[in-house]
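Visitor: Sequence:
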Amino acid sequence: YAALKNVPADDVQTQVNGLVAEVGLTEKRHVIVRKLSGGQKRKLSVAIALIGNSRVVFLDEPTSGMDPYSRRFTWNVLQQNRADRVIVLTTHFMDEADLLGDRIAIMADGRLVCAGTSLFLKNLYGAGYNLTLVKADGSSSTEIVLFIRQFVAEASVLSTVGSELVVQLPSASTGAFPALLDGLDSHLTALRVVEYGISVTTLEQVFLRIAHQSKQTFNPLYRRTSDADLSEWRASRMGPDARGSKRVAAPVAGRPTTGHASTSFGAQYVALVQKRFRCSKRDKKGWVFMIGIPIAFLVILAFLPSINVASYLPWYKKGSAADLANFETCRAVVGTSTGDVRGCIFGIPPPSQRTCVSLGAPCQGGFGVRCPDESLSSCSDVQVEFGSANTSYPFCSSVPGFMASKSACIHDWFSHCSVSGACNATACCDATDAAVSPFAPCSSCEANRWPCFQGTGCLRKADAKLQGVINTFLAALVIVIGFAFVPASVVVFPVKERHPHQNAKYQQVACGTSVLAYWMSLWTHDVLGTLVPVAVAVGLLPLYSSYRGDVESMVAALALFVVHVMTVLPAAYLISMRFTNHSAAQTSVLVVGLVTGALVSIFSFLCRLVDFQLVHTLTLSQLDTNYLRWVYLVFPGYQLSDGLFQIGMRKYGNPYGSSSTNWFTATSCPASKSCWASTKDPTCCVAQAFEFNVAGRSLIYGLVEIFLLSAWVLYADRHKPPPPSSSSSGPLVVAADPPHLVDGDVVAEAARVARGAAASDAILLRKVHKQYDDNKVALQSLSLGIPKGECFGYLGINGAGKSTTMQILNGFLAASSGAVTVAGLDVRTQLRAARRHIGYCPQFDALHDTLTVAEELELYARLKGMADVRLAVEEKLRQFELEPFRSTLTRGLSGGNKRKVSTAIALLGNPAVLLLDEPSTGMDPAARRRMWDVLVDVLATKSCSILLTTHSMEECQALCSRIGILVSGQLKCLGSAQHLKHKFGRGFTLDIRLGTTTTPSTTAAYVGTDGGVSSKVTAADMERTCMDAGMYERWDKIVRGTGDSGWVLRHYLDNEGGVPSDVWRHWWMLEDMGADLEAFVTQELPLASLVEHHAEHFRYHVPKSSGHTLTSLFSLMEEGAVGVPIEQYSLSDTTLEEIFNGMAAGQEEEREAVHGVHRHLLNASSIQAVTSYHRTSSMTRLRESDRL
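No gaps in the numbering here: position 682 of the sequence shown is 682 in full-length UniProt numbering, and each next residue is one more.
Derived by calculation from the structure, the hints in this document are not laboratory data.
A virtual CB, placed ideally from N, CA and C, is assigned to each residue, including glycine.
All the given hints hold, so there is nothing to weed out.
The following label-pair restraints were derived from C-beta to C-beta distances: (1) 714 with 789: 36 to 44 Å; (2) 170 with 501: 42 to 50 Å; (3) 154 with 185: 20 to 28 Å; (4) 883 with 719: 38 to 46 Å.
Make a model of the complete structure from these sequences and hints.
Guide: Here's what the structure looks like:
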């Protein structure tokens, strides 16, 4: 992409190396792109967008699928490369928009709802403070709200999602906050509250408020369906007994409550056939390849004129009516009185005794040869003997008495015998079938079944056969070329379904779909589709000269077409398994079909047409006929070509004897007679169309291959080798941490699994190890059990091994060692039964581009054997607010709506185990909360276990009762969110966002610029400014490119030779404000340390050893930070995201430094266990001056 953007060749490597390091892909720089995780591919996409100094950059959810630690790489890359660019960024992470966006616009239903700075939107849509509480099991929301109203009477419930309760507090009630917080601290246990936090209106709350208003204003159909509405709808569908049932927990009548039913083979087959036809009816390109192109070739062939060999042979060039008149003149000169020259040869010897000597016809000396004594009863004798002689002499020029001019004489290929009398000359040439036969009347040709030349005379027997051979072969060749597009069309669909980023086939197999049902559904559709070109081919067959008026030939050709189609289909399916790109597969199959069908047929034809001696006992035609042909017949294309050719040529072959019987017409052959133009004559007998040497051998080969290739397809699919780099053939590499570095909870879980205490768990992994061919270890002795009814949060950065675990549980990957069970069933030996209990939402949406949302859900409902398919589909459409998109093709959905469909598919059938791989990626905050509602209802049944991978720490806290963080294939910690905070929390986190108080003109005076945006500041200018201001440490930051912001300016100096003046002024202003903040923190919080710094955003760690509490810190920020330009701040205990980032710092792929992040404070090995702390309070507010 650097080359495409015209980056100078000398700068390409520099820019590539710089961006690879900036986005955190240093360890992956030489890895094939397809082997990168989803988040790593997003990093690469960002680098591609930025390379080449593009001035306008569009980034569509660039951090979607990235873990929180990786997102910080991207934030820094965008901040570092924002100068002199316009960057348009779409995102569903509100903190990302808040940090990066100079202006923020929110759209709803295609309309721009609002736009402005983050502060403007918060002021415009803010309505006070939000008190967020995380409830324990059995906690009553009503009781908590009543308790809060004892302190703030105007408190109202904003939302309740999962275990999260959000209460809105008016701005005027800030005076009651200290008492409220103290009351909550003393009643946490009684109220069964795990943790709480308080904040002013966040950008996410702004988004949710706008989204709610927009649904009611712009799209009433897209409003959130209430529980009452959904229950009422279910009741109307299921009867009065269903009223009041929960919207998800209540099972649909007639289906199991855990796991879906074992669907019959017939039901699966019908569902898959219906899917295939629905997809194909919207695939116009597929129909063109399968039907349009073959028919086009057939139609063109029907209107192409036949090749007339007489037009290319010299002895027919004067075969016009004038030549017949000249022939009559020559006959008069001879003095023959009979009506035909043949009448004068009544006295010559029998054909077997005719020689030039017996006829008194010594050869003319001018030819340099002697007339042979052998028989001249056939043309071939003369041709062999005189093949090297000059054959252009006219017949009459060598016969005394023929006085006509040379141009008026009849040319004769074999007229080398000079005789003294006209009758003897005629007899000699008649013996070689030369002089008379080309000029017999056309009626004589028809009577003898010989082809007629231009309506004036008969073709010689040899030339007639040559003409038939060429026309028949060309017809067969064109047909084979047209039908080569049939397998090229059918190979596309199975490859698309297996594409790594779609994987729709695996999703169907994960539902327990039979492999046989899957391939039979494709075969059924493809056979029925190809019947159209087959029917057209058979219908147009009588228009081709070699097949006119021959029913037997048409029946044999029909059999050939049908067998050919049924042979190439499994061959195409087999080839499809070697491809992941459908375009490459289609091209490859087409090329293979043309080579093995057309080119091989041409080569074989030329071997027989242009014959020569290879060795003493073998000619080229014998090599082809006796040896190569039997190899070529393995190829379906050659089978069709050879079969059609032999059917068309059988009338030109040697006739059967009088005892032969044609079984097709049930007639015997009374006499031997060739059928040159027709087989209607009952006395005409030719080789049978189904004879082995005609169409029989092609049919036999094809039928055998149908069964062999079909069996091969089923075997290959059921015993397919692992994908590239998915398994290891070498010794296992185990690089686990030393025992003293393994977390105690992880050790305890492994012991629980080892002693069998987890045997009844819904998901069980026992010492699972996964190693790839390149010795990359994805999982290291993973032992984990997930009991029934638990939602387990499976966290880790991109490439940590989360998706690998999912694929092992689904049976798509085989573990290198260890045991895996799902719902008590061994995945290795009882895979299909285990899959009936699994609902799977893959990392990449496994949807069909040409199915609508309703059709997609219907497909999986049928595959899972649900009793009321329509009810199940309607239920999921309502739950996930997909009703407006019911008839929308899935390829037209946004990323978030696609994730909704994928999650809905996983929930169909009430599975006992849900494997959700980043289900909320790409969803907006409102959609995420709606999905949380659905999952909470599923968990309420206590019959479903969920393994959830996500990059949203908020989602984990709302849904998961336990959380595990995976680093380089190993569990680093395990427990509830609160337990992890208690164990790894080190104090408090202070997040501060600075505002702007210094005017641009004042800053310009400080740094010595005129305020222009086009000028650049050199290194010398910056050094002089720093020295004049006495701020040597700032110049040191720039020179070393270290610190919290110096790397930004160093980047410009290294790559552009100077810093834009506006960037320089902005940096200086931030340094001024940062200095004021640092002075405040140093004075008031001397033990605090800077953990992270991104532009205006600062994050400090305040150890508990400082003696501060949340209440004292809140008072300090409210009353003590008066002179510091703080726009927004928050206080909290160590967050789950901080713990995650600390663990992620040890990942192998994340060893490079991250600008603005102090790794020594995040390193997992430095996180120490601390005493339990029973509350988490987050207090975030805007300064009153900014709010006003």
